[in-house]
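A.B. asks: Chain by chain, the residues:
2 protein chains.
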Amino acid sequence: MNLDFKFNADGLIPAIVQEKGTNRVLMMAWMNKSAIERTLETGFMNYWSRSRQKAWLKGETSGHTQRVLRWFVDCDADTLLFEVDQEGGACHTGYASCFYQAFARDGSPQPILEIPVFDPQKTYSK
Amino acid sequence: MNLDFKFNADGLIPAIVQEKGTNRVLMMAWMNKSAIERTLETGFMNYWSRSRQKAWLKGETSGHTQRVLRWFVDCDADTLLFEVDQEGGACHTGYASCFYQAFARDGSPQPILEIPVFDPQKTYSK
Numbered sequence: 031m032n033l034d035f036k037f038n039a040d041g042l043i044p045a046i047v048q049e050k051g052t053n054r055v056l057m058m059a060w061m062n063k064s065a066i067e068r069t070l071e072t073g074f075m076n077y078w079s080r081s082r083q084k085a086w087l088k089g090e091t092s093g094h095t096q097r098v099l100r101w102f103v104d105c106d107a108d109t110l111l112f113e114v115d116q117e118g119g120a121c122h123t124g125y126a127s128c129f130y131q132a133f134a135r136d137g138s139p140q141p142i143l144e145i146p147v148f149d150p151q152k153t154y155s156k
Numbered sequence: 031m032n033l034d035f036k037f038n039a040d041g042l043i044p045a046i047v048q049e050k051g052t053n054r055v056l057m058m059a060w061m062n063k064s065a066i067e068r069t070l071e072t073g074f075m076n077y078w079s080r081s082r083q084k085a086w087l088k089g090e091t092s093g094h095t096q097r098v099l100r101w102f103v104d105c106d107a108d109t110l111l112f113e114v115d116q117e118g119g120a121c122h123t124g125y126a127s128c129f130y131q132a133f134a135r136d137g138s139p140q141p142i143l144e145i146p147v148f149d150p151q152k153t154y155s156k
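In the order they appear, the protein sequences are chains A and B. With the working numbering, the residue at position 63 of the first sequence is 93, and numbering never jumps. With the working numbering, the residue at position 51 of the second sequence is 81, and numbering never jumps.
Okay, chain A solo, but in the shape it has when bound:
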C-alpha cells in the first residue's frame, strides 16, 4: 500500500471525519501510517492519540465506531478526509459531533441548543 502523504515531524497527519448523508463534520483527529493501514484493513477508523501516545480504535470503549465509506486526500497531501457511518455519537461528551460549541461574530460562545445523543457517564463506566 502506497501511503505517500505528508506526515508532520511526529509522523502524523490530520484526519477530518464527516457523517454520510448530512456531511456534518464530526471530529478531527490524528493518524500515523499504521493507523491508516489499520483503518483500511478493518474498514473502521483508527487514530493515534497524541495525549495518550497510543494507537486508538475509535469506539473501543464506547462502542461508537466509525465505518469508512469513502476517503480523500487534499491537494497538498497533508490532510485526510473520511466519510463515515457513525455508530452512536462521535464526541466523548455525548454530542453527535465534537463541534457543538458555536460562537458569535464577536467571539462570544453561543448557547448549545442540541441534545446529547448518549450519556457519557453510562457509556464510559461500562
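For the record, the hints were derived by calculation from the structure and aren't laboratory data. Don't take each hint at face value.
A pair counts as met if it fits within one copy or between any two copies, since identical chains are not told apart.
With a Cα cut of at most 20 Å, we get these calculated DMTMM-like pairs of lysine to aspartate or glutamate [claimed, not checked]:
hint	residue 1	residue 2
1	Lys84	Asp106
2	Lys36	Asp136
3	Lys63	Asp108
4	Lys63	Asp136
5	Lys152	Glu117
6	Lys63	Glu117
7	Lys50	Glu117
8	Lys63	Glu49
9	Lys84	Glu49
10	Lys36	Glu144
11	Lys50	Asp149
12	Lys36	Asp106
13	Lys63	Asp115
14	Lys63	Asp34
15	Lys152	Glu90
16	Lys84	Glu71
17	Lys152	Asp115
From a predicted model like this one, the values you see are computed outputs, not experimental measurements.
Go by the hints and put chain B onto chain A.
C.D. replies: This is chain B only, laid out in the frame that chain A set:
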C-alpha cells in the same frame, strides 16, 4: 475578544472549512490568533500560511473569498470549524474542494470525476 483556544507550539490552530448548504469540506488551513481576529472583524476567512510564513486573506489573488456564516470550536478547543459562502472554488488547482482525490479501500487513487470550477492558469496570472 476572548479566543481561549489551544494553539500548537507555533501558535497555530487548524481550521476546517465547509460549504454552506452542501456541507462539503472545502479545505483545511491554519490560523493564528490574528488570523481569527481579522476573520471575525472582516467576516472573511484569513489564515496563516505555513509555507510562506505570512498572513493570508483567502481569495486575495484569486478573488475566491470565503464569507463566514457560522463557526465552531471542538470539545478539546484545538480545532475550529467554519461554515462559509465560497466564491468560485476553494482549491488553487481549480477544483471546488481541495479534497478532490479519492482513494479505494486498498489505498489506490481513484479517477477524478469532477470538473474544475475555474482555470487556475487564468485566475493566478491576472
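A.B. asks: State for each hint whether it applies.
C.D. replies: Checked hints:
Taking the closest pair of Cα atoms, Lys84 and Asp106 come within 20 Å of each other only across two copies (18 Å); inside a single copy the shortest separation is 26 Å, beyond that limit. In this assembly of identical chains, the alpha carbons of Lys36 and Asp136 lie at most 20 Å apart only when taken from different copies (19 Å versus 35 Å within one copy). Only within a single protomer do Lys63 and Asp108 lie at most 20 Å apart by alpha-carbon distance; the minimum there is 13 Å, versus 22 Å between protomers. For the identical chains of this complex, Lys63 and Asp136 are inter-copy neighbours only, at 14 Å across copies versus 39 Å inside a copy, given an alpha-carbon limit of 20 Å.
In this homomeric assembly, Lys152 and Glu117 come within 20 Å of each other (Cα to Cα) only inside a single copy, at 16 Å, whereas the closest approach across copies is 45 Å. Proximity of Lys63 to Glu117 under the C-alpha cut-off of 20 Å is found in neither arrangement, the shortest distances being 24 Å within a copy and 35 Å between copies. In this assembly of identical chains, Lys50 and Glu117 lie within 20 Å of each other by CA distance solely inside one copy; the values are 12 Å within and 25 Å between copies. When the C-alpha separation of Lys63 and Glu49 is checked against a cutoff of 20 Å, the pair qualifies neither within a copy, at 23 Å, nor between copies, at 29 Å.
In this assembly of identical chains, Lys84 and Glu49 lie within 20 Å of each other by CA distance neither inside one copy nor across copies; the values are 25 Å within and 33 Å between. In this homomeric assembly, Lys36 and Glu144 never come within 20 Å of each other (Cα to Cα): the closest approach is 36 Å inside a single copy and 24 Å across copies. For the identical chains of this complex, Lys50 and Asp149 are neighbours neither inside a copy (23 Å) nor across copies (30 Å), given an alpha-carbon limit of 20 Å. Taking the shortest alpha-carbon separations for Lys36 and Asp106, only the intra-copy value of 8 Å comes in at or below 20 Å, while the best inter-copy value is 24 Å.
Taking the closest pair of Cα atoms, Lys63 and Asp115 never come within 20 Å of each other, the shortest separation being 22 Å inside a single copy and 34 Å across copies. Taking identical chains as interchangeable, the C-alpha atoms of Lys63 and Asp34 lie at most 20 Å apart only when both belong to the same chain, with a minimum of 10 Å there against 32 Å between chains. When the C-alpha separation of Lys152 and Glu90 is checked against a cutoff of 20 Å, the pair qualifies only within one copy, where the shortest distance is 15 Å, while the shortest distance between copies is 50 Å. Taking identical chains as interchangeable, the C-alpha atoms of Lys84 and Glu71 lie at most 20 Å apart only when both belong to the same chain, with a minimum of 19 Å there against 40 Å between chains.
When the C-alpha separation of Lys152 and Asp115 is checked against a cutoff of 20 Å, the pair qualifies neither within a copy, at 22 Å, nor between copies, at 40 Å.
In summary, the numbered hints that this structure violates are 6, 8, 9, 10, 11, 13, 17.
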